[in-house]
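Novice: Residue numbers (my numbering), protein chains in the order written: chain A, 231 to 398; chain B, 4 to 182.
Honestly, the hints are just simulated from the structure, not real lab data.
In this text, all values refer to a predicted model and were calculated from it rather than measured experimentally.
Mixed in with the good hints, there may be bad ones.
Stated by the list, open to error - If you want a taste of the chain A side facing chain B, the calculated C-beta under 7 Å gives, among others:
1. MET260
2. TRP286
3. ARG289
Unchecked claim - Derived PhoX-like pairs: lysine-lysine, alpha-carbon spacing no greater than 20 Å straight-line:
4. B:LYS27 - A:LYS385
5. A:LYS363 - A:LYS284
6. B:LYS9 - A:LYS373
7. A:LYS382 - A:LYS363
8. A:LYS301 - A:LYS343
9. A:LYS382 - A:LYS343
10. A:LYS301 - A:LYS338
11. A:LYS382 - B:LYS9
12. A:LYS338 - A:LYS388
Just so it is clear, CB atoms sit at the ideal spot from N, CA and C, and this is done for glycine as well.
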Amino acid sequence: MTAFDELMIRYERQIYRVCYRFVENREDAMDLAQEVFIKAFEHLPTFRQESSLKTWLYRIAMNHCINHVKKHSQEFVEVTEYTSSVRASAHAQMEEREQREHLRRMVKHLPPKQKAILELRINEQLSYEEIAKISGRSVSTIKASVFFALGKLRKLVKDPRIQKIRRV
Amino acid sequence: MFGHLKAQEFLNLMEGAELPAERKLHLDGCARCTATLTSMLSVHGGVTSLDADIPEPDWAEFRSSVRDRLLSRAAQRSSAVRRWTGWPIRPAAAWALSLVVAVGITTAAFLWNMERMQTTVVEPPRPQPPAIELNDVEAMSLGWSKTSLFDDLIQLNDAQAEQVRAMLESPQKGTQYHQ
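From just these sequences and the hints, can you work out the full model?
Specialist: If you want it as structure tokens, here you go:
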């Protein structure tokens with residue numbers, strides 16, 4: 231097995247998942263994840279081993295995804311648009327699925343950096359120290375960021391405008 | 004340590020850590036903190052559950068696609084380099100090279116010629132300091148005699164000239180002159 235295959239097999243799933251959470255689309259996530267690996271392979275000679283390979287890869291992925299979101303921010307669905315789509319899906323068979331969809335859309339409204347930190351902590355289960363290294367911030371800032379992201383989601387989910395329409 | 008729970012404490016609770024006894028006591032008795040924790044836990048759980056919906060791609064295809072894109076980028080880079088060294092640039096390169104050679108040959112020839120001219124050129128006679136004409140007074144002041152020995156001889160009468168000649172010739176003949 232080549233070094234290329236070994237690196238890919240070890241990290242492809244994690245990097246793809248991070249990318250997926252930003253774009254919520256299989257094709258786009260694959261595209262983003264591939265670009266992350268291409269960037270990594272092209273810059274591998276400059277990797278100074280000050281951090282682990284995993285941290286380095288996550289950092290590339292996070293920056294790449296944040297840039298992608300910033301570049302395509304106008305393409306994301308606004309809250310007002312979302313409400314109409316919720317109305318359309320009001321007759322969905324599964325309430326749970328609808329709630330998840332609702333939460334996913336709310337996560338999209340988080341600032342990209344806050345969202346990235348939340349994903350890395352909750353879904354990737356990276357330690358606060360690892361996330362601090364990836365994002366170049368202090369551990370206390372990361373902890374505060376996770377808490378405020380959850381608090382913001384809590385407020386968004388409780389938003390009476392959205393709640394009212396969801397019940398229609 | 005008093006008052007409502009802080010962000011750090013909420014986070015620790017959500018991630019399964021235990022609170023100190025007095026803080027736990029506060030949580031049990033505080034409706035606000037309990038409500039906050041419940042809703043935060045709900046959101047935390049909801050975000051965690053989102054992970055389950057992620058569709059898995061075909062990993063072999065994913066890998067081969069990364070490999071192909073890397074190869075194609077490498078090929079693009081090398082073709083870009085070749086573009087700068089390829090056919091379109093060759094006439095210009097040939098022209099530049101011939102210009103360099105022409106300039107080089109001209110310069111070398113010029114330098115060689117200069118060197119040759121420098122070696123064959125006869126040095127112009129150095130300007131001699133003008134002959135100093137001293138009058139008698141100046142010559143006397145310098146302690147020089149304006150007239151040469153020959154002139155002195157000329158001014159001698161015959162007897163004196165004969166005596167001087169004898170003085171000059173005496174060492175050659177092995178005789179010693181006594182005045």
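Novice: If a hint holds in the structure, say so; if it does not, say that too.
Specialist: Checked hints:
1. MET260: holds, 5 Å
2. TRP286: Where the cut-off is 7 Å and the nearest Cβ of chain B is about 17 Å from TRP286 of chain A, the hint is violated.
3. ARG289: violated, 18 Å
4. B:LYS27 - A:LYS385: violated, 25 Å
5. A:LYS363 - A:LYS284: It holds: about 11 Å lies between the C-alpha atoms, which stays within 20 Å.
6. B:LYS9 - A:LYS373: holds, 11 Å
7. A:LYS382 - A:LYS363: violated, 24 Å
8. A:LYS301 - A:LYS343: Given pair LYS301 of chain A, LYS343 of chain A holds - Cα atoms ~14 Å apart, limit 20 Å.
9. A:LYS382 - A:LYS343: holds, 14 Å
10. A:LYS301 - A:LYS338: Cα-Cα ~14 Å, so holds.
11. A:LYS382 - B:LYS9: holds, 16 Å
12. A:LYS338 - A:LYS388: Distance ~16 Å between LYS338 of chain A and LYS388 of chain A Cα, so the pair holds.
Consistency note: the structure conflicts with the earlier hints numbered 2, 3, 4, 7.
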